[in-house]
Amino acid sequence: MTTTVAGVGVGVRDLITRNVRQSGIFVAFIAIVVLFSVLNSDFLSPGNLTNIVLQYSYVLILATGMLMVIVLGQIDLSVGSVVALTGAVAAEVIIKGHAPWWVGVLAALVVGFLVGCWQGFWVASVGIPGFIVTLAGMLLFRGLTYIVLNNISLSPFNGTYYGIANGFLNGLLGGEGIDVFTILIFAIAVVGYGVSQWRTRRGRIAYQQVVESMPLFVAKIVVVAAIVMWFGSQLARSRGLPIVLILLAVLIIAYSIVMQKSVFGRHIYAIGGNLNAAQLSGVKVRKVTFWTFVNMGVLASVAGVVFSARTNGAQPGAGNMFELDAIAACFIGGASTTGGVGRVTGAMVGGLIMAVLANGMQLMGVGQAVQQVVKGIVLLLAVAFDIWNRRRAEAAR
Amino acid sequence: MTSEILEMRGITKTFPGVKALQDVTLTVRRGEIHAICGENGAGKSTLMKVLSGVYPHGTYEGEIVYDGDEVRFGSINDSEAKGIVIIHQELALVPYLSIAENIFLGNEVRGGRGMIDWNKANHQAAALMARVGLKENPTTPIGQLGVGKQQLIEIAKALSKDVQLLILDEPTAALNDNDSEHLLGLLRQLKDQGITSIMISHKLRELTEIADTVTIIRDGRTIETFPMSGPDANENRMIRGMVGRDLEHRFPERKSRVGAEVLRVEHWTVHHPTQAGRLVIDDASFTVHAGEVVGIAGLMGAGRTELAMSLFGRSYGRDISGQVYKDGAPIDIPDVSAAIEHGIAYATEDRKRFGLNLIEDIRSNVTSAALARMASRGWVNGNEELKVAEQYRSSLNIRTPSVSVPVGKLSGGNQQKVVLAKWLLTTPDVLILDEPTRGIDVGAKYEIYTIINRMVSEGKAVVVISSELPELLGTCDRIYTLAFGRITGEVPVAEATQERLMELMTIERDAKDKAS
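Chains as they are written, first to last, in this note's numbering: chain G, 1 to 397; chain P, 1 to 516.
Incorrect hints may have been included.
No more than 30 Å apart at the CA atoms, straight line, and that leaves these computed lysine-lysine pairs for DSBU-like [as the list claims (entries may be wrong)]: (1) P:K352 with G:K261; (2) P:K120 with P:K82; (3) P:K326 with G:K284; (4) P:K387 with G:K220; (5) G:K284 with P:K352; (6) P:K352 with G:K287; (7) P:K255 with P:K352; (8) P:K326 with G:K287; (9) G:K284 with P:K387; (10) P:K135 with P:K161; (11) G:K261 with P:K387.
Think of the hints as simulated: they come from the structure by calculation, not from any bench.
Use the sequences and the hints to build the structure in full.
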């Protein structure tokens, strides 16, 4: 009988521990946003919010793929170089080869895919740790970038390609000072969110599971809807809906679902949590590892396209240190350094924390040097919190 | 100087959900060899961890009096400073370092200016090795020595720390007869030099030879302590104390109804994955029938786990040859998913390392081997998954409030049930259980046996690998014995006794060649 009693105790404590891990990072994010909006009235202005989205979109794209690699128990140090290489390839094809914009995008994606296959092969089939393979890749692809670009920058792209990262969807439905189309898209997104939440709830009830009470459920949706609509209206008041935000939203939603609901995603968690157990449960470890790296390569090329479009050109030194931003975003967002733990949404919040910190400090005129110091400390504290949390959980065992 | 070197009084140690030790008392006289015996999970190792400071003072109740003074060890360093050294079952040696480096690891021989004086260290190591009767070059890497010699190095290491009280946890479990003999002889020598030893062992015959005093522990309590020189001190008295009840009550009743052959393995031969030319499994053949529990008995290192894992999708070894037949038809099992598809499941002996994802919840662990069944077109139905996990939680009596508790927080018995649930969900025809009751308490053991019985009554076949002979005798219909990679015997349970099995389990390769 004592076992049952102790079991309940562990359960309740566990619930609290888990929620701290899940929500702690959201609370920190909101606190930082509030702090900066108090310190600087321009922080939440329509123009600045648009700016944050445009400025950090490629880090968020990289962090999505990086999170999967980290949950797998690996790391990818080469993504910055891959961003540079794929941007360079696109520039060669479009600027030098005078090809249409989509050919350039396709070429970049193919290069990203091949990079992923290359690294996936060494990690999955040969069994070299990802750290080593991608450290080599970091040098290798940086060198290839210099070779492709012949040591000089290529610009400008202009036209449609430039619009990928700098274009806005606005004025399609008119509106005076506030873009109706943008509002409409956000309204559709909110309705979609509400419907999917409702269906999930219905599904859980059908399987006789615990769901939150109706008022709480409605309150949750209303709060989320209010925040999203406010954000949308701010964008609508500025330049409208950034194209890159649509791309980002699609990627985040798609990858969240893949990680939580697909067999592939669940196998990534299983491998990161206990490689041996996963292998003995029939998980095809090599295959999953290979495709995770391929996916990372493709996402790095997407980031490469966005970044080169944003800077309207390809530089040999582009994307330097991006890998560290992406990795930091994952760890701040609650991913475990030993693999097996982490969420796409967490990594996104982690990336946004870094974005908001950088942007807020820029607005306040804080120098680059201090910004680096703050970023470093935030990363350290986030991981320290994770370890402290885990020790506490182990002590409770 | 008192005649008692150690007195542990009223030691109680609780883990969440389990009382591992309850008011245990242990008194050890100076200069004796004191044996502690008890079943797996009785609490012997926990008691020694309390003594050596692995569980620091404050995490247990009771007091420890050593050399006349009450001691409160905060860590293993504190106890070693007092001359208490524990040698664990899994040896703590670094394979790539030399003998001398291992002996003085953490306790390096310093010359001038804080540098290590290797000449002196090697010289001292040679002297220590002479004391344990070992002639090797002190610069030889540990990995090149056999287990028996490694064990002696551990003792030499203890001697280098000026040991007063030496604790040995199952020192001979992995040794052959010759090495065991040598080790026991060494313990007697150390006794003559005034070193007190506490020895944990399952080998009762060995204990009757060497021990001066025996303390028996069962279910976390001291049952009795008696001198081995007494008139009625013998193996039977030890067994009675350890088991505390008759075999019939430890195993649930089962009527066996053996059906058609499900699995047949012929001439299965497996080589060591890294040491070329070394045979781990040598020409093993066996059969398993529907509704039958087949036991595989073998000592540590006999190749029990290696046999099971090599069958289970070639998860161990290389250059594997032989043929597996399922329901009479030859099958090929290149990987684990193929094994699962053929209806073979294997629950590992080391559930924490190979069986479970400890940071994930019960739900994900239960479905981890059969996730494809919870999914359509690659997408997992989370609700279905939860429902199934919930079903197994209640049917296997996994004691937690919900299936979202991380598996790492469960007790050993509940963890083992999660492992069973995971494999039952793959609906296997043959379930191979490797040490299914290792490290779990008596009550949970009974439940595991009940689950085994339920499976065979549904017409499935179960293979139980175990080092506990009473467990095999209590659960199986037929037992194979494995020794040094070979199947040395096949005994129906009606004809099997512990002595008979032990005899077959210790047949050495040469002896068998001569016999056949």
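Please work out if P:K255 and P:K352 have their alpha carbons no farther apart than 30 Å. Given pair P:K255, P:K352 is violated - Cα atoms ~33 Å apart, limit 30 Å.
Is the hinted pair P:K135 and P:K161 satisfied, with a Cα-Cα distance of at most 30 Å? holds, 20 Å
Does the alpha-carbon distance linking P:K352 and G:K287 stay inside the 30 Å limit? holds, 24 Å
Sort out whether G:K287 lies within 30 Å of P:K326, counting only the CA atoms. holds, 28 Å
Hinted pair P:K352 and G:K261, Cα distance within 30 Å: Measuring from Cα to Cα gives roughly 25 Å; hence the hint holds.
Check whether the Cα positions of P:K387 and G:K220 lie no farther apart than 30 Å. holds, 26 Å
Is P:K120 within 30 Å of P:K82, Cα to Cα? With Cα atoms ~25 Å apart, P:K120 and P:K82 stay inside 30 Å; holds.
So if I understand the rule, the pair passes when the alpha-carbon distance is 30 Å or less; does G:K284 with P:K352 pass? Given pair G:K284, P:K352 holds - Cα atoms ~20 Å apart, limit 30 Å.
Can the restraint linking P:K326 and G:K284 be considered satisfied, given a maximum Cα separation of 30 Å? holds, 23 Å
Please work out if G:K284 and P:K387 have their alpha carbons no farther apart than 30 Å. Answer holds: G:K284 to P:K387 is near 26 Å, not above 30 Å.
Checking one constraint from the list: CA of G:K261 to CA of P:K387, max 30 Å. Satisfied? Holds: G:K261 and P:K387 sit about 16 Å apart, inside 30 Å.
In terms of the numbered hints stated before, the structure departs from hint 7 and from no other.
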